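Using the sequences and the hints, build the whole thing.
2 protein chains.
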Amino acid sequence: MTVLLSAAPLAILFLTFLLLRPQSIWPATIGSDPQVSLPARPGYPFKIALFADLHFGENAWTDWGPRQDVSSVNVMSTVLDDETPDFVVYLGDVITANNIPIANASLYWDQALSPTISRGIPFASVFGNHDDAPFEWPLEWFSAPGIPPVHCPVANSSFSDCSFRGIQRLQLMKNEIEQNAQSFSSKGPVDLWPSISNYVLPISPTNNSRSPVAYLYFLDSGGGSYPEVISNAQSEWFKTRSLEINPDSRVPELIFWHIPSKAYEKVAPSSGVPKPCVGSINKETVASQKAETGIMDILANRTSVKAVFVGHNHGLDWCCPDNKLWLCYARHTGYGGYGTWARGARIIEINQHPFSIKSWIRMENHDVHSQVDLSS
Amino acid sequence: MTVLLSAAPLAILFLTFLLLRPQSIWPATIGSDPQVSLPARPGYPFKIALFADLHFGENAWTDWGPRQDVSSVNVMSTVLDDETPDFVVYLGDVITANNIPIANASLYWDQALSPTISRGIPFASVFGNHDDAPFEWPLEWFSAPGIPPVHCPVANSSFSDCSFRGIQRLQLMKNEIEQNAQSFSSKGPVDLWPSISNYVLPISPTNNSRSPVAYLYFLDSGGGSYPEVISNAQSEWFKTRSLEINPDSRVPELIFWHIPSKAYEKVAPSSGVPKPCVGSINKETVASQKAETGIMDILANRTSVKAVFVGHNHGLDWCCPDNKLWLCYARHTGYGGYGTWARGARIIEINQHPFSIKSWIRMENHDVHSQVDLSS
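Those protein sequences? They're chains A and B, same order as listed.
Quick note on numbering: UniProt numbering labels position 230 of the first sequence as 230, and the sequence is numbered without any gaps.
Quick note on numbering: UniProt numbering labels position 77 of the second sequence as 77, and the sequence is numbered without any gaps.
I should point out that these hints are in silico values taken from the structure, not numbers from a laboratory.
One thing to keep in mind: the hints can contain errors.
Each pair may be met inside one copy or between any two copies, as identical chains are not told apart.
Restricting the straight-line Cα-Cα distance to at most 25 Å, the calculated cross-link-like pairs of lysine to any residue (SDA-like) are [unchecked claim]:
(1) Lys-47 / Arg-165
(2) Lys-47 / Ser-118
(3) Lys-290 / Glu-136
(4) Lys-174 / Ile-102
Since this is a predicted model, take the numbers as computed values, not measurements.
As structure tokens, this is what we get:
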């Protein structure tokens, strides 16, 4: 069958496609990678909200598991409505995969994204140690009365599809990207495998996409299915990539990953949060990566790198300087995971003229505290 | 094309099929389960060799990994040629799945079975804690010089098939059964999931399949992808099954699993192997299951249960009595896994008239030691 269309409807169709296709609304950086930029409104600050350690999907076979996920959605909704950020970073431990007895943990990942997606806010994610982990069977399930009703398998007398091994990083990331036009996440270079969430995003004014305001670097700090570490290969990738796209260190760079590096142990206050650190809770010791393979030396020697942001420790929310570099914790956002400290989210605000990077913590009860200038 | 065959060759073909089809040479127990019996030659002892903790597949990216697998094949070959057993039990930790960076660990499982298969000896297996476990990435692979060449993925720039999560129990067992007519293993009742290797095999004289000499029970003691435990459900299954097929406890029963129960801790000698225990090495403490959910009480109260056989502790090879029940270790058979104690295999010999269960350990250097009468 042949369909005849005049030129005008075809042009409208084509324009509609251009407008609606994923990421077509975000200006692309011309030339080599990175191709996709985050759009900054000229003359306005660019605001980022960090959602750390949401831990969706815990104990879905009990009442309290699903209830705390609802509470976590409320925290995120409050922060998004109070701050109206331009961008959200999911800073790892989005789900507690080792606590999810179903084959497809993306269900919970999607729940965690939903407050951001429903508000049309672009976002990106990095992996934490709980995102890609096999299910840990509770020992008590092996006593009487046995395994509670779960999604498989006894009812249909087949257990071949019941792996409960968690979704792997690669599949989680594919699902996020393919199902969400607002996702700016990327699955990173293949030679950095088994780490996945390694990529860079420029923030560029919509009227001048060739002059980024800042570069945001995301690194996978491992854990779950492999050791908690940023590899030598990842460090070398950062070194090469940053020199390639920002050779004169003119553009400021911010770094995001989940598990604190050993450098955090060095700057951690022994008690309270005395100056020059800024924060409100210092309730536990730093739980750092298993090894330091070079990334911190590279960051310390690069003048354009202003700050590193991590999650992982729910009882820490400080920023401390390490020479010219700020080492910052986010704030425990989710009701999932250990700890009962009040929930909130770290906010980062980047101003281009005059240049500044400010940060503060927005709490679930609307309070704001721990303002710090990371560009000083 | 039509092929015409006379009746005589067709009859020969049919008879050949009857003789060669899997398990057709083993008489089936008539009536309800268990359908398959191990054939005992009337008037001869029935001899079982236990191959414990072979740990195939360790560090395949080095020289010493494959070399020790060759050594393990040599141990098994020596034992099989010296003892010519009627049956072999692979008593768990056949592979070290957490050390195998390939998707299909059945390759190494098959290597471990090969000395038995090549001699045409029937066998069965139970799972150990190392058989179904995800790959544990060595931390040093994340420093320079990075990940050694493995079976995937960088060469073809695709890592979607590189899960390295180990084969699950179910798939391992399916592979073993489907690929080996000599395998008497079974994947067990679906309602005992996630444990898999739970089944019973009668040993029956070929001239009287209705009068078993003994029942061999195999239980999955967990570990790897779920806790190291024999569940309440497994205990109840044993209780029900044994009452059903051996209601008057007339037929002796032997029990095989991998990880010692807590009862082993109670009978373990503090040093050496003093009587009434029998054995040659007592070099470490018992590494027992994480909980005791009832199986030991059931076994202790059943007069037909004569002995339990486990592996797991490479430095222990004793049998100790626990009231009327013998708790026995096998002997570390493989060059894989920890420990450098000389390798060997526990042998069990069952005589019907007069009834006896004898056991000893056959070493790689042909020595025999630790003879014990388990029917006394």
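Sort out which numbered hints this structure fails and list those numbers smallest first.
1
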